[in-house]
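Work out the full structure, taking the sequences as your base and the hints as a guide.
Spelled out, the chains give:
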Amino acid sequence: MEYYLHIVIVIGIYSILGSSLNLTLGYTGLLSVSHAAFYGIGAYTTALMTQELHLPFVVILLCVMAFSGLLSIIVGVSSLRIRDDYFVIASFAFQVIAFGLFYNLVSFTGGPMGLRGIPRPNIFGWTVNSHWEYLLLVVVLASMVLWACHRIAHSPFGRVLTAIREDETFARAAGKNVSAYKLLIFMISAAMASVAGVIYAQYISFVDPTSFTVMESIFIISIVIIGGAGSFWGPVVGAVVLVTLPEILRFIGMPSSVAANIRQILYGGLLVAFMMLRPQGLMGKYAFGKGGTTK
Amino acid sequence: MAVAQLIVNIAISASQYCIVAIGFALLFLNVRFFQFSYAGLITVAAYSAFCVSTSGHNTHLTLLAPILSTIVLGLFLYATVFRPLRRRQATSLALLLASLGVYICIQNTISLLFGSSTRTVTSQVISQGMPLWGARVTLVQVLTMLVSLTLSMLATLFIKRTRTGLFMRALASDAHLADTCGIDLQRLMFWAYTISAFVAAIGGILLALDLNVTPTMGLNIFMSAVLLVVAAGSQNIPGIAAGAFLVAVAQHLAAWFLGSEWQETVVFLMLVAFLFVRPSGFHKTIYKSIRA
Numbered sequence: 028m029e030y031y032l033h034i035v036i037v038i039g040i041y042s043i044l045g046s047s048l049n050l051t052l053g054y055t056g057l058l059s060v061s062h063a064a065f066y067g068i069g070a071y072t073t074a075l076m077t078q079e080l081h082l083p084f085v086v087i088l089l090c091v092m093a094f095s096g097l098l099s100i101i102v103g104v105s106s107l108r109i110r111d112d113y114f115v116i117a118s119f120a121f122q123v124i125a126f127g128l129f130y131n132l133v134s135f136t137g138g139p140m141g142l143r144g145i146p147r148p149n150i151f152g153w154t155v156n157s158h159w160e161y162l163l164l165v166v167v168l169a170s171m172v173l174w175a176c177h178r179i180a181h182s183p184f185g186r187v188l189t190a191i192r193e194d195e196t197f198a199r200a201a202g203k204n205v206s207a208y209k210l211l212i213f214m215i216s217a218a219m220a221s222v223a224g225v226i227y228a229q230y231i232s233f234v235d236p237t238s239f240t241v242m243e244s245i246f247i248i249s250i251v252i253i254g255g256a257g258s259f260w261g262p263v264v265g266a267v268v269l270v271t272l273p274e275i276l277r278f279i280g281m282p283s284s285v286a287a288n289i290r291q292i293l294y295g296g297l298l299v300a301f302m303m304l305r306p307q308g309l310m311g312k313y314a315f316g317k318g319g320t321t322k
Numbered sequence: 012m013a014v015a016q017l018i019v020n021i022a023i024s025a026s027q028y029c030i031v032a033i034g035f036a037l038l039f040l041n042v043r044f045f046q047f048s049y050a051g052l053i054t055v056a057a058y059s060a061f062c063v064s065t066s067g068h069n070t071h072l073t074l075l076a077p078i079l080s081t082i083v084l085g086l087f088l089y090a091t092v093f094r095p096l097r098r099r100q101a102t103s104l105a106l107l108l109a110s111l112g113v114y115i116c117i118q119n120t121i122s123l124l125f126g127s128s129t130r131t132v133t134s135q136v137i138s139q140g141m142p143l144w145g146a147r148v149t150l151v152q153v154l155t156m157l158v159s160l161t162l163s164m165l166a167t168l169f170i171k172r173t174r175t176g177l178f179m180r181a182l183a184s185d186a187h188l189a190d191t192c193g194i195d196l197q198r199l200m201f202w203a204y205t206i207s208a209f210v211a212a213i214g215g216i217l218l219a220l221d222l223n224v225t226p227t228m229g230l231n232i233f234m235s236a237v238l239l240v241v242a243a244g245s246q247n248i249p250g251i252a253a254g255a256f257l258v259a260v261a262q263h264l265a266a267w268f269l270g271s272e273w274q275e276t277v278v279f280l281m282l283v284a285f286l287f288v289r290p291s292g293f294h295k296t297i298y299k300s301i302r303a
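As they're listed, the protein sequences go chains V and A. All letters in the first sequence, in the order written, are residues 28 to 322 by the working numbering. All letters in the second sequence, in the order written, are residues 12 to 303 by the working numbering.
Just so you know, these hints were derived from the structure itself, not from any lab. Certain hints may be false.
What the hints assert, rightly or not - The list that follows gives simulated cross-link-like pairs (lysine to any residue, SDA-like), each with its CA atoms no further than 25 Å apart:
| # | chain 1 | residue 1 | chain 2 | residue 2 |
| --- | --- | --- | --- | --- |
| 1 | V | 312 | V | 175 |
| 2 | V | 312 | V | 177 |
| 3 | V | 312 | A | 95 |
| 4 | V | 312 | A | 103 |
| 5 | V | 312 | A | 92 |
Here is the structure:
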């Protein structure tokens with residue numbers, strides 16, 4: 028039973044990551060490869076804050092979101108200066124630099140050994156301990172993130188984001204401050220990603236740099252693309268598919284030594300297949316990278 | 012002694028970056044997107060060299076088999092993934108994502124077959140060091156430097172002097188106009204993929220013989236190639252060679268002063284700095300599509 032609960036919790040975490048990336052990738056059309064960095068910043072900040080300061084959960088959550096949002100300005104600003112592929116490369120570089128910091132700033136992050144013994148979250152006196160309680164926490168936080176994404180996407184603000192995706196010059200000509208919109212959505216997206224980091228750190232009670240690599244970023248991108256960029260349920264569907272598929276392989280009797288590689292081959296292959304055959308993803312709203320509109 | 016060795020090491024790293032970057036520049040000149048599967052080709056070439064060296068066949072085969080297999084893989088990927096995508100008028104972002112997917116598949120297949128740990132290529136004959144002004148150089152390292160010089164010259168001549176090179180420059184400056192003028196784009200793409208796979212194979216083999224092989228080796232050196240092509244421009248081979256030298260200097264100085272764990276981060280910091288300060292690089296051709 029705990030195994031199934033664990034999978035649902037992981038799906039919840041990836042739904043948060045996917046939905047938050049969907050705000051920039053799906054609605055605004057900005058492909059950023061640095062999402063796992065903000066996920067990691069969330070996890071590491073949580074680890075340090077719980078271990079050193081013993082703050083209550085809600086305070087930590089808010090502080091982490093603010094911190095991650097502030098740091099995302101660096102990536103956001105680069106999206107204003109350079110476009111499309113060049114921005115992908117820049118965000119890729121940010122992701123690798125963040126990983127390098129997680130890995131090499133040993134006195135802060137514990138380096139390759141990571142940080143152990145992160146205490147359980149304490150929410151107004153309620154200590155989250157069992158898998159069931161974690162599930163409840165994840166579902167509540169994921170619903171809040173999804174609700175926020177839904178509100179953003181269907182607000183006037185969200186419509187401007189879609190306008191930027193479809194024709195940036197037009198949005199600018201219509202009098203919209205494109206730079207401010209891009210920066211803001213980046214900050215929101217990064218802050219949401221760090222929420223997933225907060226849950227992850229306290230759930231696993233251990234963080235190490237290998238959870239926040241470039242490959243993790245690409246995994247989150249695959250969730251959005253395969254689920255369907257620019258659609259509300261897309262990232263959730265993508266998370267369900269990409270988290271459960273490798274588990275099914277494990278059921279068939281795949282040895283765990285090759286499971287990690289098979290999992291990556293699976294989502295790499297799916298990414299290629301979807302780009303070629305169904306760029307709008309399973310939920311089909313916006314065909315990512317289909318010629319014409321974006322260039 | 013130490014300084015002499017440092018200078019020699021810088022020259023070797025610079026040569027390795029230069030070779031890989033030249034292959035990527037020739038590819039980028041035509042395809043105009045960051046093709047991550049190129050990094051996979053380097054890894055495949057290195058591992059094929061590793062296979063051949065452990066199988067103990069003669070040395071002619073050592074060179075030929077990895078080169079051929081890499082070119083075949085490069086063309087296979089072009090035919091099955093990138094040409095169909097291009098036909099569907101996919102944007103460069105879609106192509107980039109697809110190539111990332113391809114790269115992930117290649118890297119993990121290699122991990123599955125050979126394990127993700129570092130493997131050593133054993134070849135006694137070529138890895139013996141010989142003294143050079145107080146430093147030690149192996150035959151492979153001398154070969155790497157010679158190959159990078161030769162390739163730089165050949166690539167410059169190819170781009171500036173041959174008809175195909177001229178067509179490629181035309182394609183790079185305006186793809187639609189080149190198409191209208193009757194340039195055979197299919198043929199150009201075929202040559203671009205063949206030549207770049209060939210250079211990737213050479214780079215991969217030389218890397219495998221000098222260092223060890225790991226499944227992620229291709230991506231690491233690919234990112235420095237990206238930096239060089241962004242900074243110098245894909246038609247500017249001398250610029251790429253000079254840039255390779257600067258990157259190598261920065262890396263070795265970082266290793267010297269900060270510790271070798273920061274070596275890779277330095278390349279990415281340079282890349283970010285470049286994209287921030289001068290997105291169009293130091294080359295004269297400014298592509299409108301770079302700036303937002």
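Exercise. Taking 25 Å as the top limit, are the C-alpha atoms of residue 312 of chain V and residue 177 of chain V close enough?
Worked result: holds (15 Å)
Exercise. Taking 25 Å as the top limit, are the C-alpha atoms of residue 312 of chain V and residue 95 of chain A close enough?
Worked result: Given pair residue 312 of chain V, residue 95 of chain A holds - Cα atoms ~22 Å apart, limit 25 Å.
Exercise. Under the criterion that the straight-line Cα-Cα distance not exceed 25 Å, is the pair residue 312 of chain V, residue 175 of chain V satisfied?
Worked result: Between residue 312 of chain V and residue 175 of chain V the Cα gap is close to 19 Å, so the pair holds against 25 Å.
For this session: Measure nothing beyond the straight line between the CA atoms of residue 312 of chain V and residue 92 of chain A; if it is 25 Å or shorter, mark the hint as holding.
Result: With Cα atoms ~23 Å apart, residue 312 of chain V and residue 92 of chain A stay inside 25 Å; holds.
Exercise. Is residue 312 of chain V within 25 Å of residue 103 of chain A, Cα to Cα?
Worked result: At roughly 20 Å apart (the allowed maximum being 25 Å), residue 103 of chain A and residue 312 of chain V satisfy the hint.
When each numbered hint is compared with the structure, no violation occurs for any of them.
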